[in-house]
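K.L.:
Read off the chains here:
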Amino acid sequence: MRKVYLDYSATTPLRREVYDVMVKALLEDNSNAASAHSYGQEGKITLQESRETIANFLGAEPREIYFTSGGTESDNWAVHIAKKTRKGKHMITTSIEHHAVLHTMEEAEKEGYEVTYLPVDENGLVTAKQVEEAIREDTILISIMYVNNEIGSINPIEEIGAVARKHGVLFHTDAVQALGNVEINLKESNIDMMSFSAHKIYGPKGIGGMFIRKNVRPYALIHGGAQERGYRGGTDNLPGIVGFAKACELAGANLQEHIERLTKLRDKLIKGILETIPHSKLNGHPTKRHPGNVNVSFKYIEGESILLMMDMQGVAASSGSACTSGSLDPSHVLMGIGLSHEIAHGSLRMTLGDMTSEEDVDYVLEVLPPIIQRLREMSPLYEEEMRKQNGNVQ
Amino acid sequence: MAMYNDRVMDHFMNPRNVGEIENADGVGEVGNIRCGDIMKIYIKVNDEEVIEDIKFKTFGCGSAVASSSMATELIKGKTVKEALQITNKDVLKELGGLPVIKVHCSVLAEQALKAAVLDYATKTGKHYPELDGFDPDEEHEH
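Quick mapping for you: the protein sequence lines, in order, are chains F and U.
Here the first sequence is numbered in the working numbering, starting from 545 and rising by one per residue.
Here the second sequence is numbered in the working numbering, starting from 26 and rising by one per residue.
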């Protein structure tokens, strides 16, 4: 049976080149980069080179790159920095952020902060105008995701950043899904802080980072040693860091090609689904969209059932249905863009990546329609709808 | 997917008794769209009060479909009285268990049968004390 992995937004497979440099680091790195002896000094050089590679990829300066354990830590850190270094009680975000931001904001609310959760439009986007209208005298942070992880919508980050800058408010963006999938040049940017992660760009898990613009004062979340200029304690994860740097180097080498190739595959898959499967709908913006993100809803059926049947055909995907989220309600993102429960439960997310071929897309377009039809024939909601339609004909 | 055992997957991929019964003697529907599972059961009952035929339609996850399928298998050929003794624990046992967060799906199957029998009882003027206090529209617990 053909195996098709379409869950790249959950995590990506490790590239061979990344694996090679990591293994080398694991075998040869018997140092602590903080040590004074020659072993430590070698580690320090590797660390510095890795930081430069990543900075280069992002158009940032090496000293603006801080290593963390990943996107979640970076998101937590951004809120922490705002709380510790700015005076005020108000923060702005959106209703469809990743939980790493949302739950951190909810914690801040318990401490007495006020948070504005901006609603998004039906495509999952916010506007700079919305952000500007929400800014108050005491606003200390605006945190808005670059690319949504579920529906792939790309926010007008630079416009929002310009508004933030105009009002002197710290601006953070969660760019975990954007990294390696949209062009980012931090030098020309209005972003003050940006979270990112290695395992979404064919690097290892457990390592990520945060860009903090040089004129922004950091404040440690993880206290300890003098690593990361004293702002993030803990022995440097050198194998992870060199792997991350390699992943960035590779992503930077063919970013345009990667985006164009994926966009073509994505649009073919979307078009094929919407044309062959009735009562299906695309979630998220049709063009302002992650190049590998396909999120569609199928009426009358439930997402986990779709995933199980696809899995039996060798296709790995994900869904925003309640059953898969482990909670009572479907995904907050799908509810946030105004979908009814019925449509949200029937969502399917397929995220494409560098190992996805056109044959994989053709295969999905071949196996998916019968799965949807089979589940609909089992569904009391479809039965009802068909009865209604037949009634209208008579 | 490793989240379900082989027996559950078999009942999900090859569900027994899927469909509708025209002129059914009882029809029951439970669940709601908000939670993402709706189960509908049709029964055909003969003069000896034996459930001769049973069909289901389910909107829901893998365990909801598998529970429906297993429940209909357990019920088919039983008298109404016997069928009302079947609980979600029987369904769970026959399926070889479900993940903890999915146990409510097996409750739904038990509720759907009760709703179908209630419909049958109402239509035929019969009374089953087992159904006293049962409300098919009651929100099921997760």
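Worth double-checking, as some hints may not be accurate.
Part of the chain F face toward chain U, derived, beta carbon under 10 Å [claimed, not checked]:
(1) 605
(2) 799
(3) 802
(4) 803
(5) 844
(6) 847
(7) 851
(8) 873
(9) 885
(10) 886
(11) 888
(12) 910
(13) 911
(14) 914
(15) 917
(16) 924
If you're looking for bench data, these hints aren't it; they were derived computationally from the structure.
If you're wondering where the values come from, they're calculated on a predicted model, not measured in any experiment.
Every residue, glycine too, gets a C-beta built ideally from N, C-alpha and C.
K.L.:
Answer holds if the nearest beta-carbon of chain U is closer than 10 Å to that of residue 605 of chain F; otherwise answer violated.
P.N.:
Not OK, violated: residue 605 of chain F not within 10 Å of chain U, min 45 Å.
K.L.:
Per the CB criterion, is residue 803 of chain F less than 10 Å away from chain U?
P.N.:
Violated, about 31 Å.
K.L.:
With a cut-off of 10 Å on the beta carbons, see whether residue 914 of chain F makes it to chain U.
P.N.:
violated, 13 Å
K.L.:
Tell me if residue 924 of chain F is really an interface residue toward chain U, meaning its C-beta lies closer than 10 Å to one of theirs.
P.N.:
This hint holds: residue 924 of chain F lies near chain U, its Cβ roughly 4 Å from the closest one there, short of 10 Å.
K.L.:
Regarding the hint that residue 911 of chain F lies at the interface with chain U, is the smallest CB-CB distance below 10 Å?
P.N.:
violated, 14 Å
K.L.:
Against chain U, is residue 886 of chain F within 10 Å by beta-carbon distance?
P.N.:
Where the cut-off is 10 Å and the nearest Cβ of chain U is about 5 Å from residue 886 of chain F, the hint holds.
K.L.:
Under 10 Å is the threshold here; is the Cβ of residue 917 of chain F close enough to any Cβ of chain U for the hint to stand?
P.N.:
violated, 13 Å
K.L.:
Can residue 888 of chain F be said to touch chain U, with a Cβ gap under 10 Å?
P.N.:
holds, 9 Å
K.L.:
Does residue 851 of chain F meet its interface restraint, that is, does its C-beta lie within less than 10 Å of any C-beta in chain U?
P.N.:
Check passed: Cβ of residue 851 of chain F comes within 7 Å of chain U, closer than 10 Å.
K.L.:
Holds or violated: the hint that residue 799 of chain F contacts chain U, with Cβ atoms closer than 10 Å.
P.N.:
violated, 34 Å
K.L.:
For the hint on residue 885 of chain F, just tell me whether its beta-carbon gets within less than 10 Å of chain U.
P.N.:
holds, 5 Å
K.L.:
Mind checking the CB of residue 847 of chain F against every CB in chain U and telling me if the closest is under 10 Å?
P.N.:
holds, 8 Å
Checked against the numbered hints above, the structure violates hints 1, 2, 3, 4, 12, 13, 14, 15; every other hint is satisfied.
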